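> Given next are the chains, with one letter for each unit.
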Amino acid sequence: MKFSVDRAVLLKALAHVQSVVERRNTIPILANVMLAAQDGALTLTATDMEIAIVEAVPGVTVTRTGRTTAPAATLYEIVRKLPDAAKVELDHAGGDAPLALRAGRFATSLMVLPVEDFPSMTEGKLPHSFQLAPSLLRELVDRTKFAISTEETRYYLNGIYLHATEVEGQPVLRAVATDGHRLARVEEPLPEGAAGMPGVIIPRKTVNEIRKLADEAQDPIEVRLSDTKIRFTFGAVHLTSKLIDGTFPEYERVIPRGNDKILTVDKKAFADAVSRVAAISSERSRPVKLSLKQDSLTLTASSPDQGQAEEELDGGAVSYGNGPIEIGFQARYLADITDQIESKVEFRFADGSAPTVVVDASKPEALYVLMPMRV
Amino acid sequence: MTREAAPPAPVPVPVRKIIHVDMDAFYASVEQRDDPALRGLPVAVGGSSARGVVAAASYEARRFGVRSAMPSLTARRLCPDLVFVRPRFEVYRAVSEQIRAVFAEHTPQIEPLSLDEAYLDVTENLQGIASATEIAQRIRAAIRERTGLTASAGVSYNKFLAKLASDHRKPDGLFVITPRMGPGFVEDLPVGRFHGIGPKTAARMNRLGIQTGLDLRQQSLAALQAEFGKAGAFYHAIARGEDHRPVQAHRLRKSVGAETTFSQDLAEFAALREALRPLAAKVWEHVARHGLQGRTVTLKVKFSDFRQITRSQSSALPVGSLAELEGIATQLLGGVLPPPRGIRLLGVTLSALGGERDGAAEQMTLAF
Numbered sequence: 523m524k525f526s527v528d529r530a531v532l533l534k535a536l537a538h539v540q541s542v543v544e545r546r547n548t549i550p551i552l553a554n555v556m557l558a559a560q561d562g563a564l565t566l567t568a569t570d571m572e573i574a575i576v577e578a579v580p581g582v583t584v585t586r587t588g589r590t591t592a593p594a595a596t597l598y599e600i601v602r603k604l605p606d607a608a609k610v611e612l613d614h615a616g617g618d619a620p621l622a623l624r625a626g627r628f629a630t631s632l633m634v635l636p637v638e639d640f641p642s643m644t645e646g647k648l649p650h651s652f653q654l655a656p657s658l659l660r661e662l663v664d665r666t667k668f669a670i671s672t673e674e675t676r677y678y679l680n681g682i683y684l685h686a687t688e689v690e691g692q693p694v695l696r697a698v699a700t701d702g703h704r705l706a707r708v709e710e711p712l713p714e715g716a717a718g719m720p721g722v723i724i725p726r727k728t729v730n731e732i733r734k735l736a737d738e739a740q741d742p743i744e745v746r747l748s749d750t751k752i753r754f755t756f757g758a759v760h761l762t763s764k765l766i767d768g769t770f771p772e773y774e775r776v777i778p779r780g781n782d783k784i785l786t787v788d789k790k791a792f793a794d795a796v797s798r799v800a801a802i803s804s805e806r807s808r809p810v811k812l813s814l815k816q817d818s819l820t821l822t823a824s825s826p827d828q829g830q831a832e833e834e835l836d837g838g839a840v841s842y843g844n845g846p847i848e849i850g851f852q853a854r855y856l857a858d859i860t861d862q863i864e865s866k867v868e869f870r871f872a873d874g875s876a877p878t879v880v881v882d883a884s885k886p887e888a889l890y891v892l893m894p895m896r897v
Numbered sequence: 006m007t008r009e010a011a012p013p014a015p016v017p018v019p020v021r022k023i024i025h026v027d028m029d030a031f032y033a034s035v036e037q038r039d040d041p042a043l044r045g046l047p048v049a050v051g052g053s054s055a056r057g058v059v060a061a062a063s064y065e066a067r068r069f070g071v072r073s074a075m076p077s078l079t080a081r082r083l084c085p086d087l088v089f090v091r092p093r094f095e096v097y098r099a100v101s102e103q104i105r106a107v108f109a110e111h112t113p114q115i116e117p118l119s120l121d122e123a124y125l126d127v128t129e130n131l132q133g134i135a136s137a138t139e140i141a142q143r144i145r146a147a148i149r150e151r152t153g154l155t156a157s158a159g160v161s162y163n164k165f166l167a168k169l170a171s172d173h174r175k176p177d178g179l180f181v182i183t184p185r186m187g188p189g190f191v192e193d194l195p196v197g198r199f200h201g202i203g204p205k206t207a208a209r210m211n212r213l214g215i216q217t218g219l220d221l222r223q224q225s226l227a228a229l230q231a232e233f234g235k236a237g238a239f240y241h242a243i244a245r246g247e248d249h250r251p252v253q254a255h256r257l258r259k260s261v262g263a264e265t266t267f268s269q270d271l272a273e274f275a276a277l278r279e280a281l282r283p284l285a286a287k288v289w290e291h292v293a294r295h296g297l298q299g300r301t302v303t304l305k306v307k308f309s310d311f312r313q314i315t316r317s318q319s320s321a322l323p324v325g326s327l328a329e330l331e332g333i334a335t336q337l338l339g340g341v342l343p344p345p346r347g348i349r350l351l352g353v354t355l356s357a358l359g360g361e362r363d364g365a366a367e368q369m370t371l372a373f
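Chains A and B are the protein sequences, given in the same order. Just so we're aligned: the first sequence equals residues 523 to 897 in this note's numbering. Just so we're aligned: the second sequence equals residues 6 to 373 in this note's numbering.
Rather than coming from a laboratory, the hints here were simulated on the basis of the structure. Predicted model, so just to flag it, every value in this text is computed and none were measured. Idealized CB from N, CA, C, for every residue including glycine. Take these hints with a grain of salt, some might be off.
[Stated by the list, open to error] The following label-pair restraints were derived from C-beta to C-beta distances:
id: 1; chain 1: B; residue 1: Q313; chain 2: A; residue 2: Y678; range: 27 to 35 Å
id: 2; chain 1: B; residue 1: Q336; chain 2: A; residue 2: Q816; range: 32 to 40 Å
id: 3; chain 1: A; residue 1: S642; chain 2: B; residue 2: Q269; range: 17 to 25 Å
id: 4; chain 1: A; residue 1: E834; chain 2: B; residue 2: Q103; range: 40 to 48 Å
id: 5; chain 1: B; residue 1: Q103; chain 2: A; residue 2: T750; range: 28 to 36 Å
id: 6; chain 1: B; residue 1: R98; chain 2: A; residue 2: A629; range: 56 to 64 Å
id: 7; chain 1: A; residue 1: R545; chain 2: B; residue 2: R98; range: 30 to 38 Å
id: 8; chain 1: A; residue 1: K603; chain 2: B; residue 2: E279; range: 22 to 30 Å
id: 9; chain 1: A; residue 1: I549; chain 2: B; residue 2: L226; range: 19 to 27 Å
id: 10; chain 1: B; residue 1: R149; chain 2: A; residue 2: Y678; range: 24 to 32 Å
id: 11; chain 1: A; residue 1: E674; chain 2: B; residue 2: Q336; range: 25 to 33 Å
[Claimed, not checked] Short derived list, chain A residues pointing at chain B, Cβ under 7 Å:
id: 12; residue: V543
id: 13; residue: R546
id: 14; residue: T548
id: 15; residue: I551
id: 16; residue: G702
id: 17; residue: H703
id: 18; residue: G768
id: 19; residue: P771
id: 20; residue: M895
id: 21; residue: R896
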């Protein structure tokens, strides 16, 4: 195998694929990227056995076809450090011979491992397919990702649950994540072709990878899935991931319907006040207390070692017309939600110890449920 | 002639009524309850992968010698038809709450040992039932009715004997050890069967010619203390069927730990250090969430031949940050390197925990 390619083009592709490679893996071949040069095209492949990413690299001059595998992180580091305009030549004589890399006066050789040992995630059929605009994918991910559980015993919560459903007769594509303390639910109109898709749980690492790829995407992203695998195609990049084999809980049951005490508050004023008040305590497990009266919201936090802090928001930023409530939340949980809200936050309370619903007053398609702390 | 004064009457020590309740093959029974296709089959709950370990075995599987904590490969060799089922801890926890609710109808004095096992002190009980045996029967019946699962119960006058009793008629049994039977019951028992005497201590006792409870009883307190240190007094007491440990309804958690078995044995410092990080993070997350503080960090290392060592470090002040926890664990790791052979498992534990910090608020959870 022998080919040459612009450093910038190779770097971009390597950045995508090396990101999937597991840093802490114990199987040597999984640290490698597979390079395959055929008929004027280069393909890079990397996998951690859960995710496989395949990227076709454009603008490659192939002088000898062939395939090999080389350490992904090292190759990426080297290419990253080459000068911007460099032309990179990669040459592999075959078999155990090292992979030679030349760029200008720089030359290196990398140990290779046999292509035959490189695992392929057998792909099977992906019968359902639809397209998503990059902006929609970003919204679905951003508004739910923070609530994904990291608790391994509840592995079925370690991802985003994506499924087709109906809201008031309108078909929607819905993403849900929860860690048992809070829940995030967001929906978009159901894309054509997604009707009949199974509900799937997309693992956290996959979510992070597609979120990064969505940042660079301009054209609609193609999504194909079965009940065990999902593939996202971003132009020349194909990312295939296993899905979490588990049952997502019946989340609708924990979304309260009857919360009728409504607080609307200016997002920035609220988020800033929470962050100031919470600074008094470095302990995550301490709540910020919200005390509500007619058109007034007082935030307080205290720490036995450090003292206490209080801030009142009133008529200018706050609208509240129900009886007094006191309720405590973890500051970080409040911040995670307000980060996703544009200008007005709407809280719907039942009482001081019941699940609270939070929505973006201008974007009803996203909804959050937050459990208070027992103070 | 003067009559000698009568010896003072012994202060009557009220006889306690202790019940030990133990669910039968708990995880496996839950799986067989929920999936009729598993009934009658040898079932192991746990990972079936090459490195997995059996968390629980059904009675059908136990007949083949399959035991909990056994490597899945060994279990598979003993019982080629063994059916592996992935554990569903959230279901076990829910069942555990059901059985604790049953206990709570009789006494607030409940000391849970795990999800499926607890001591109850029913000397005074909420329904005023005089017979502890009667209470144990009612508890077993209620558990069966509400969960569809069977439990074994042991009734006696202390925790040690109650536990022996629940083992005696397992599964689905009830056994009572009365104060009169106590000392005799222990006599014939091999010391290895005593709860509180592990396999290592049992082997040591055997080497000293102590095979049974009777042999143990014939040892003087001084001799046992000389040989076994602090534990000597406990052995001296249990050999007589005596155990004064109270049922501790609010036993504080003593340690928080996490461990992982690698898919391939590791030996390199860099890889091992990397492997420690998620473990420390997991321990720290729990500690932070529950507002706990701990002073002792323990590193557990299991080698490819299953030999296991632990290394600990205690400090005067609680470990204050994740970075500190990770630093101490890494330092302990440095002390065992280079390892004599590949390392298959690492564990990190934080112990010497202080109670929850005063006034710590508790995060409520969504009711899935």
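> Given G702 (chain A) was flagged as interface, is its beta-carbon under 7 Å from a beta-carbon of chain B?
holds (5 Å)
> Check the following: the C-beta atoms of R98 (chain B) and A629 (chain A) are separated by a distance inside 56 to 64 Å.
60 Å Cβ-Cβ, so the 56 to 64 Å window holds.
> Is the hinted range of 19 to 27 Å satisfied by the C-beta distance from I549 (chain A) to L226 (chain B)?
Given about 56 Å between the Cβ atoms, the range is violated.
> Would the hint on I551 (chain A) be counted as holding, given a Cβ-Cβ threshold of 7 Å to chain B?
It is violated, given that the least Cβ distance between I551 (chain A) and chain B is near 12 Å, above 7 Å.
> Could you check if R896 (chain A) really has its C-beta closer than 7 Å to a C-beta on chain B?
holds (5 Å)
> How does the Cβ-Cβ distance of Q313 (chain B) and Y678 (chain A) compare with 27 to 35 Å: does it lie in that range?
Distance hint for Q313 (chain B), Y678 (chain A) holds at roughly 32 Å.
> Hint says 22 to 30 Å; check whether the CB-CB distance for K603 (chain A) and E279 (chain B) agrees.
For E279 (chain B) against K603 (chain A), whose Cβ atoms are near 24 Å apart, the range 22 to 30 Å holds.
> With chain B as the partner, please determine if H703 (chain A) meets the hint condition of a C-beta pair closer than 7 Å.
The hint holds - H703 (chain A) has a Cβ within 7 Å of chain B, the shortest such distance being about 6 Å.
> Taking the Cβ atom of Q336 (chain B) and the Cβ atom of Q816 (chain A), is their distance within the range 32 to 40 Å?
The hinted range 32 to 40 Å is violated for Q336 (chain B) and Q816 (chain A), with Cβ atoms some 57 Å apart.
> Lying within 25 to 33 Å: is that true of the beta-carbon distance E674 (chain A) to Q336 (chain B)?
With a Cβ separation near 26 Å, E674 (chain A) and Q336 (chain B) satisfy 25 to 33 Å, so the hint holds.
> Taking the Cβ atom of R545 (chain A) and the Cβ atom of R98 (chain B), is their distance within the range 30 to 38 Å?
holds (33 Å)
> Is the hint on R546 (chain A) kept, meaning its closest Cβ partner in chain B is under 7 Å away?
Holds: closest Cβ of chain B sits about 5 Å from R546 (chain A), inside 7 Å.
Of the hints listed earlier, those the structure fails to meet are numbers 2, 9, 12, 15 and 18, in rising order.
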